[in-house]
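Trainee: Residue strings, one per chain:
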Amino acid sequence: MLSQTAELKKESLNSYFHNVSLEASNEVSITNQKKRVKSIAKGKTAKNAVNKFLKTGIISWVILFIAWELASRAMSPEFLPGPIATFKGLKELALAGTLWADIKISMIRVGIGWGRALLIAIPLGLLIGRFKVVKSIVEPLINFFRFIPAIGFLTLFLMWFGVGEESKLVLITYAAVFPIIINTIAGVASIDPVKYQAAQSLGANSIYTFFTVTVPGAIPNILTGVRLGLSSAIISIVAAEMLAASEGLGYLIFTSRLYYRTDWIFAGIIVLGIIGFLADKLIRFLAFKLFKFYGVAKQ
Amino acid sequence: MSNNNNIIENDVKNNTNQNSNKNVIEVRNLGKKFDVENKGLLFSKNINPDAVFSDNHDGFVLKDVNLDIKEGEFHIFLGASGCGKSTLLNIIAGFLNPTEGSITCEGNPIVKPGPERGVVFQNADQAIFPWLTVYKNVEYGLKAQGIKKAERKPIVENALKLVGLQDHAKKHPSELSGGMKQRVQIARSIASNPKILIMDEPFGALDAQTRRTLQDEFIEIWKKTGKTILFVTHDLQEAVYLGQKISIFSASPDARIITQVDVPFDYPRNLDDPVISEFERKVHEKLEEAINIHKDKNIDKSALSA
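Protein chains in written order, with this note's numbering: chain A, 954 to 1252; chain B, 8 to 313.
A portion of the hints provided could be inaccurate.
[Said to hold, decoys possible] In the DSBU-like style, the derived pairs of lysine-lysine whose C-alpha atoms are separated by at most 35 Å in a straight line are:
| no. | chain 1 | residue 1 | chain 2 | residue 2 |
| --- | --- | --- | --- | --- |
| 1 | A | K1234 | B | K143 |
| 2 | A | K1245 | B | K178 |
| 3 | B | K119 | A | K1085 |
[Said to hold, decoys possible] Which residues of chain B face chain A? A partial, calculated answer using Cβ under 10 Å:
| no. | residue |
| --- | --- |
| 4 | N97 |
| 5 | A100 |
| 6 | G101 |
| 7 | P116 |
| 8 | K119 |
| 9 | G121 |
| 10 | V126 |
| 11 | P137 |
| 12 | G148 |
| 13 | A151 |
| 14 | Q152 |
| 15 | G153 |
| 16 | P180 |
| 17 | A198 |
[Stated by the list, open to error] The calculated label-pair distances, taken between Cβ atoms and stated as ranges, are:
| no. | chain 1 | residue 1 | chain 2 | residue 2 | range |
| --- | --- | --- | --- | --- | --- |
| 18 | A | F1114 | B | D132 | 47 to 57 Å |
| 19 | B | K160 | A | W1113 | 47 to 57 Å |
| 20 | B | D132 | A | F1084 | 49 to 59 Å |
| 21 | B | A157 | A | W1113 | 53 to 63 Å |
| 22 | A | S1159 | B | E113 | 17 to 27 Å |
| 23 | B | S184 | A | L1094 | 40 to 50 Å |
| 24 | A | S1159 | B | P116 | 18 to 28 Å |
| 25 | A | A1139 | B | N104 | 26 to 36 Å |
| 26 | B | D132 | A | L1243 | 13 to 23 Å |
| 27 | A | N1001 | B | E295 | 54 to 64 Å |
Think of the hints as simulated: they come from the structure by calculation, not from any bench. Computed from a prediction, not measured in an experiment: that's the story for all the values here. Ideal Cβ positions, reconstructed from N, Cα and C, are used throughout, including at glycine.
All chains, full assembly: derive it from the sequences and hints.
Mentor: This is how it looks when you write it as structure tokens:
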């Protein structure tokens, strides 16, 4: 292996000297060389542009829409409305004004439910990760309940928290809390023990260390949990608005079946997807701006 | 902490007492044994647990260690990888407790880490806080100790000046080179005005050029501050280049300090000087002896049985 690379180097060196001697004697070949370099550079920028385009993900969407449209034409519009029909349905809802009201109420519910989950899960995860006593008490329960889907509690929550807003918020919080806790615990575990040793050697007590090493050190994983928690919250909005709701995107999706409006179902699904996508982008953007030096990756 | 205000001035005073007879660290008959159940938790990744726990000896990594480190001294721990020198360093720093024997810092038993024993870790990336600026990293210990903001500022600025980072105070560690990160660590420890600065192969991860630069700079820092230094290395040249006193460790298990060598040369030292290279050769012989201590025993045993 080594001798091979050495030989290769030798060869390339030889050819380099060869070129130099040739070109020194021939001005024309130098200009040729320059042209070649230029054309290579042109090729490269073209390649970069292609790569950039590929990265945007537009191609996947174009393929999906074409496949979807083709599939919908093969079936009845009620069974599978195509993208065009869905867009028409969306327009209809938007013009009627119900779409904006649905988006607003669902976003408020997701926002409050998710916000509560953050307030519960981040401190709890940090304490579980840092203090063995807390861990031994709380973690077994978490490992039991995190496998039970929020929808399993739907009836119980309605019974316990009433048919108003509260039961919906509790459901969303329940769904969002577990990914945040688990990622926060992982974040605390990922902190290099040398950092704690350094803090102790500098005279920091355990409370000071908790706030200056544990909390900032866990931030990259906490943000992963925050993002996963948001997606759980958005997913659970449909379940939350399935019963005893009169507006919201979940309500739209769930009640459209009564009118046989599958295009509205698709419209609701697409709007939910777009909201989640944009919210996640926003979180990632803010996280990178705010926590760049905590080790949060840009992508 | 009241003397903390002006590190440099305070320590120039110490400098005149350099190599006084006062001991900063005293270690008496110290032994360290790791529990078999804690095999996986062995502190140094270099110590081979199977070697330590094998056959006829009782699992002591360090045994009968005696050591005095004098005030203002540049003291080197030299030994092969896995000889337990990092374990002893961790005991002095307070990260580990000894199984037997006693250890004191200025007469007080060492039971846990403290700012009077500053530690510079081998890997600056692990040890400094990437989310804090250079300035805040250096300020960390002072803040943790509850020193007021107005008092902190001159100390941090002095410490930064001492390591030559005054123009990089607002940068984050990710914007610094490896050598600069190690300077941040040194400044951070010195800002707490420790009695002793404990350094665990601090330049081991740097490239040769940067290492030499930092070694030279560090000699200057030591001269300016008069700090007592405990410096762990497995690099013989580094030991001879930097140290005033070299403690040579025998191989583990049952590692101990088997010889101490005084280095009689002034700074800066020229390793190409024939007198110094001859000295280095002699230290090398002692180190070889120390490393092969167990091998010799085995040979003796087999010779007896034959």
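Trainee: Against each hint, give a clear statement of whether it holds in the structure.
Mentor: Now the hints, each set against the structure:
no.: 1; hint: K1234(A) with K143(B); verdict: 31 Å, holds
no.: 2; hint: K1245(A) with K178(B); verdict: 13 Å, holds
no.: 3; hint: K119(B) with K1085(A); verdict: 20 Å, holds
no.: 4; hint: N97; verdict: 9 Å, holds
no.: 5; hint: A100; verdict: 6 Å, holds
no.: 6; hint: G101; verdict: 8 Å, holds
no.: 7; hint: P116; verdict: 17 Å, violated
no.: 8; hint: K119; verdict: 7 Å, holds
no.: 9; hint: G121; verdict: 7 Å, holds
no.: 10; hint: V126; verdict: 4 Å, holds
no.: 11; hint: P137; verdict: 6 Å, holds
no.: 12; hint: G148; verdict: 3 Å, holds
no.: 13; hint: A151; verdict: 4 Å, holds
no.: 14; hint: Q152; verdict: 4 Å, holds
no.: 15; hint: G153; verdict: 9 Å, holds
no.: 16; hint: P180; verdict: 8 Å, holds
no.: 17; hint: A198; verdict: 9 Å, holds
no.: 18; hint: F1114(A) with D132(B): 47 to 57 Å; verdict: 48 Å, holds
no.: 19; hint: K160(B) with W1113(A): 47 to 57 Å; verdict: 56 Å, holds
no.: 20; hint: D132(B) with F1084(A): 49 to 59 Å; verdict: 26 Å, violated
no.: 21; hint: A157(B) with W1113(A): 53 to 63 Å; verdict: 55 Å, holds
no.: 22; hint: S1159(A) with E113(B): 17 to 27 Å; verdict: 25 Å, holds
no.: 23; hint: S184(B) with L1094(A): 40 to 50 Å; verdict: 47 Å, holds
no.: 24; hint: S1159(A) with P116(B): 18 to 28 Å; verdict: 21 Å, holds
no.: 25; hint: A1139(A) with N104(B): 26 to 36 Å; verdict: 30 Å, holds
no.: 26; hint: D132(B) with L1243(A): 13 to 23 Å; verdict: 22 Å, holds
no.: 27; hint: N1001(A) with E295(B): 54 to 64 Å; verdict: 58 Å, holds
Against the hints set out earlier in the document, violations occur for numbers 7 and 20.
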